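As a plain string of letters, each chain reads:
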Amino acid sequence: MPIAERTATVVWDGSLARGSGTLESGSGALTGLPVTWAARTEAPGGKTSPEELIAGAHATCFTMALALVLGEAGTPPERLATDARCVLDEVDGAPRITRVVLSVRGGVGGLDEPTFRDAVDRASALCPVSNALRGNVDVTVEATLDAA
Amino acid sequence: MAAAADKHATAHALEGGAVVVWHDDLTSGEGSLRFGLGAGGELSLRWPGSASYGPGATSPEELAAAAHASCFTMTLADTLVRRGRPAREIATEAKTTFGVAAGVRIILRSQLEITVDADGLSEAELEHATEIAGRYCPVSNTFRIAGAEIDVRARPATTRR
Numbered sequence: 001m002p003i004a005e006r007t008a009t010v011v012w013d014g015s016l017a018r019g020s021g022t023l024e025s026g027s028g029a030l031t032g033l034p035v036t037w038a039a040r041t042e043a044p045g046g047k048t049s050p051e052e053l054i055a056g057a058h059a060t061c062f063t064m065a066l067a068l069v070l071g072e073a074g075t076p077p078e079r080l081a082t083d084a085r086c087v088l089d090e091v092d093g094a095p096r097i098t099r100v101v102l103s104v105r106g107g108v109g110g111l112d113e114p115t116f117r118d119a120v121d122r123a124s125a126l127c128p129v130s131n132a133l134r135g136n137v138d139v140t141v142e143a144t145l146d147a148a
Numbered sequence: 001m002a003a004a005a006d007k008h009a010t011a012h013a014l015e016g017g018a019v020v021v022w023h024d025d026l027t028s029g030e031g032s033l034r035f036g037l038g039a040g041g042e043l044s045l046r047w048p049g050s051a052s053y054g055p056g057a058t059s060p061e062e063l064a065a066a067a068h069a070s071c072f073t074m075t076l077a078d079t080l081v082r083r084g085r086p087a088r089e090i091a092t093e094a095k096t097t098f099g100v101a102a103g104v105r106i107i108l109r110s111q112l113e114i115t116v117d118a119d120g121l122s123e124a125e126l127e128h129a130t131e132i133a134g135r136y137c138p139v140s141n142t143f144r145i146a147g148a149e150i151d152v153r154a155r156p157a158t159t160r161r
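Residue numbers (my numbering), protein chains in the order written: chain A, 1 to 148; chain B, 1 to 161.
These are computed hints drawn from the structure, not numbers from a lab.
As the structure is a prediction and not an experimental result, all values here were calculated from the model.
Treat the hints with care, since some could be wrong.
[What the hints assert, rightly or not] Going by beta-carbon spacing under 8 Å, a handful of chain A positions derived as facing chain B:
1) T7
2) A29
3) V35
4) T48
5) G56
6) A67
7) P76
8) C86
9) V129
10) L133
[What the hints assert, rightly or not] Per label pair, the in silico range of CB-to-CB distance:
11) A/T140 with B/E42: 22 to 30 Å
12) A/S103 with B/G38: 18 to 26 Å
13) B/G54 with A/R134: 26 to 34 Å
14) A/P114 with B/R88: 56 to 64 Å
15) A/R117 with B/V104: 18 to 26 Å
Quick reminder that beta carbons are idealized off the backbone N, C-alpha and C, glycines included.
If we strip away everything but chain A, and leave its shape as in the complex, we get (with noise of 0.2 Å):
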């Protein structure tokens, strides 16, 4: 049962060590960002890359359910900042994405500490993305609730 579906285009030219892409999302939010082999192994330079948009996707996804969990339980957040980080390694020689750390701070007036944990851990079993990565790839998410 789908619940939403969203679409994005590269289009690449040349060699994937020479070559470059970019970038363009179906809301118009992603436009000609550009894409290279080299912003994954070189220097960057405000390209982005596969690793980059799983992390949005997944920093994304998790802040939306406990925004969700929070409003909720009726302690809507003032604020929440997640970090998100993801690992491409190499096993058994191939390339795999290997870990997902997120590291959340919640602003959220009246709130205990083992409460705003409790909401995390709801809202990792309700993200689609963690729900997908779960099992394959190590996530780790850490939880900080700043003072009031």
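Chain B: place on chain A using the hints.
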């Protein structure tokens, strides 16, 4: 296959990062996204089900589609070079669908439509190269292990209507 080149390409762990800031609850709130390396600047983020969602705001589904399209395209570019059919241009459109299966919200499906402009590339050669790229592309592998249906359609540019 060119194992030495593979080793070179993935000898070091690669990382990507992103930061999301969100205010208020899911339906009335809003947020922003910044990629770690600054591409695209600050992107607007809205829940696709909210009233304020519209053109120009990105979403997790769209970012997953962008990750898959960019990863598969680069992998295919490399595969074609190794098979002696370097592409002038590869254009890939990805459509990624999130949904519910057995009560759990997951990535259900990712569809890629690819057009390849390369000298002398037959449909059979492209099909084979696409199959190999699908086995190497880390995002394809991650989505497949997660249970998502991966649907890849590729055609040489010369057969474009």
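Hint check against the structure, violated hint numbers in rising order: none
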